[in-house]
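Given next are the chains, with one letter for each unit.
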Amino acid sequence: MKAGILKAQGLCKSYKDKQVLHDLDLTIEPGKIYGLIGRNGAGKTTLLGILTAQNTKDSGDVTYNGQPVWENQAALDDICFSRELQATLFSGPNNLKIKHYLRSAAIYYPNWDPDYAGNLLEEFKLNQKSKISQLSKGQMSMVTILIALASRAPVTILDEPAAGLDVVMRERFYQLLLEDFAQTGRTFIVSTHIIEEAASVFERVIILDEGRILENAPTDELIDQFRYVSGREDVVDQVCNGLQVLSVHQMGRHKTVAVRGDVSKLAPALAADVDVSPMNLQNVFVALCGHGDAQ
Amino acid sequence: MAVFKTFRFLLNFAWVNLGAIIGFAVIVLAGCYLTGVPGGGLYAGNLFETYYAMFPTMILLCLFLYAFALCTSNLNLGLSMGARRRDFFWAIQGVMLFYTAVCWALQWFLSVFFLIAHWAPRERFSLLTVYNEKPLLYPALCLVALVLGCLGGLLMTKSKLLATLAILLSIFVLMGVTIFTVLSAETGLMRFLDMTGWNALPQILAGILTASFLGGELLIWRVIQRFPVR
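One line per chain: the protein sequences are A and B, in this order.
Residue numbering for the first sequence follows the numbering used here, starting at 907 and increasing by one per position.
Residue numbering for the second sequence follows the numbering used here, starting at 567 and increasing by one per position.
None of these hints come from the bench; they were simulated from the model.
Built from N, CA and C at the ideal position, the CB exists for glycine as well.
Among the clues, some could well be false.
[To be verified] Label pairs and their computed distance ranges (CB to CB):
| no. | chain 1 | residue 1 | chain 2 | residue 2 | range |
| --- | --- | --- | --- | --- | --- |
| 1 | A | Asn1025 | B | Leu784 | 44 to 50 Å |
| 2 | B | Thr623 | A | Ser1042 | 40 to 46 Å |
| 3 | B | Ser725 | A | Asp1130 | 47 to 53 Å |
| 4 | A | Ser1042 | B | Lys724 | 27 to 33 Å |
| 5 | A | Lys908 | B | Leu627 | 47 to 53 Å |
| 6 | A | Ser1042 | B | Gln791 | 31 to 37 Å |
[Stated by the list, open to error] Each computed DSBU-like pair below joins lysine-lysine, with the alpha-carbon atoms no more than 30 Å apart:
| no. | chain 1 | residue 1 | chain 2 | residue 2 |
| --- | --- | --- | --- | --- |
| 7 | B | Lys724 | A | Lys1043 |
| 8 | B | Lys726 | A | Lys924 |
| 9 | B | Lys726 | A | Lys1003 |
[Unchecked claim] Under 10 Å between C-beta atoms, here's a sample of chain B residues computed to sit facing chain A:
| no. | residue |
| --- | --- |
| 10 | Ala568 |
| 11 | Arg574 |
| 12 | Phe575 |
| 13 | Asn578 |
| 14 | Thr638 |
| 15 | Ser639 |
| 16 | Asn642 |
| 17 | Leu645 |
| 18 | Met647 |
| 19 | Arg652 |
| 20 | Asp653 |
| 21 | Arg792 |
| 22 | Pro794 |
Build the full structure now, drawing on both the sequences and the hints.
Quick look at the structure:
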């Protein structure tokens, strides 16, 4: 299966008086695993809903292979958005059963793999006669993952697939994702709050903050721009001159800063009495989107 | 064609719902025979006879409730799987016609069965037969019940107050037309309306039914176009 380019241009969306997406541009290249990370309320699910024509937009364009996604069956056939299931729906319990989701997926996804779905059902120990409202959070996540993987859609999007999963299941999910990617090369977009675990899976990371894309870059390249510098306050300030300081943590005269920039400029730090250490993706995210909340 | 995918999707749920209605009809029939309803006499007026007599009205209520789910959980699920909104709207029309055809057939069957089976005559079975005198009335009521049910479901996702108003209006319209139909067949209501100058009331009610149907369909189209998947 060959995925196309999914593109958003100038996307704006507001709910009543609150603007959720601000003139957002995004291009999803085929054959990559994207991680979409952002704080609660950043607009991740809204963005994914609009990209997949499951939510309306105020302005802007969303195209797949150059054609609008909205009401375009050819585009919708290629895209699977497996969102977080909810135990309640429209003020009542979600009494749909797993089998309803599986049967519906078999109808709508042209590449649906029933054998793979059956294998995953067995592996996850799910009973397809169970109502969604009776499932645990982890089991609902398993259903999300099952539908996404078995859809075999060229562009597959998972919204919070790891929510509620224990660490063993999360590791298994990442393994399944990578195996599927190696086999099919399809495009994945995974939104998650469990950043550090998933970082090794993401080829590219998209950081969304308050409805705007802060970063859209290869994961390794992004992380490589950031460092922690810690040591005596005056020495740290001297070493970090010319670099963008993202966060500061001070205890007495000991100061730790998160910096971004050309890290070759930190070479003098090696001679000075400071520690320079790399940041992981979670640290980068907190530094960019923490807004001081984590202090 | 894409609309047939969505029609197949909705049929998955429709079969179960119609099976429930037909199953209930079988239970009521069996209950009538087990409790001696066909013979009349001492067993006249039991619950099974009431259900038999009121079945057309109960079907309307069932259709209203089924349509509620059609435009809430089914719509949400279909769109989440990549259904197009216009396909969903047209597939709903197909499913509504399917529901109507089956329920109309069931209403006709029940209205003739007790005659063919030579049950003791009952005044309360008049509601069953009155629809046979106006053959298009019952399918029209079925369609209106389905449209209003769909609308109630869609409005429930936006506002409980609007949905409650829609439900009350639906009950008023459907019950009003049903009661009028029975009274006009069984009493001198039409002569009374002629004498009082209200002889246009049947046409007014037909107009209300038509307006409910068309207005409901327009609103359903509009709401489906803007429905956000949860």
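Query raised in the report: Of the hints given before, which are not true for this structure?
Result: none
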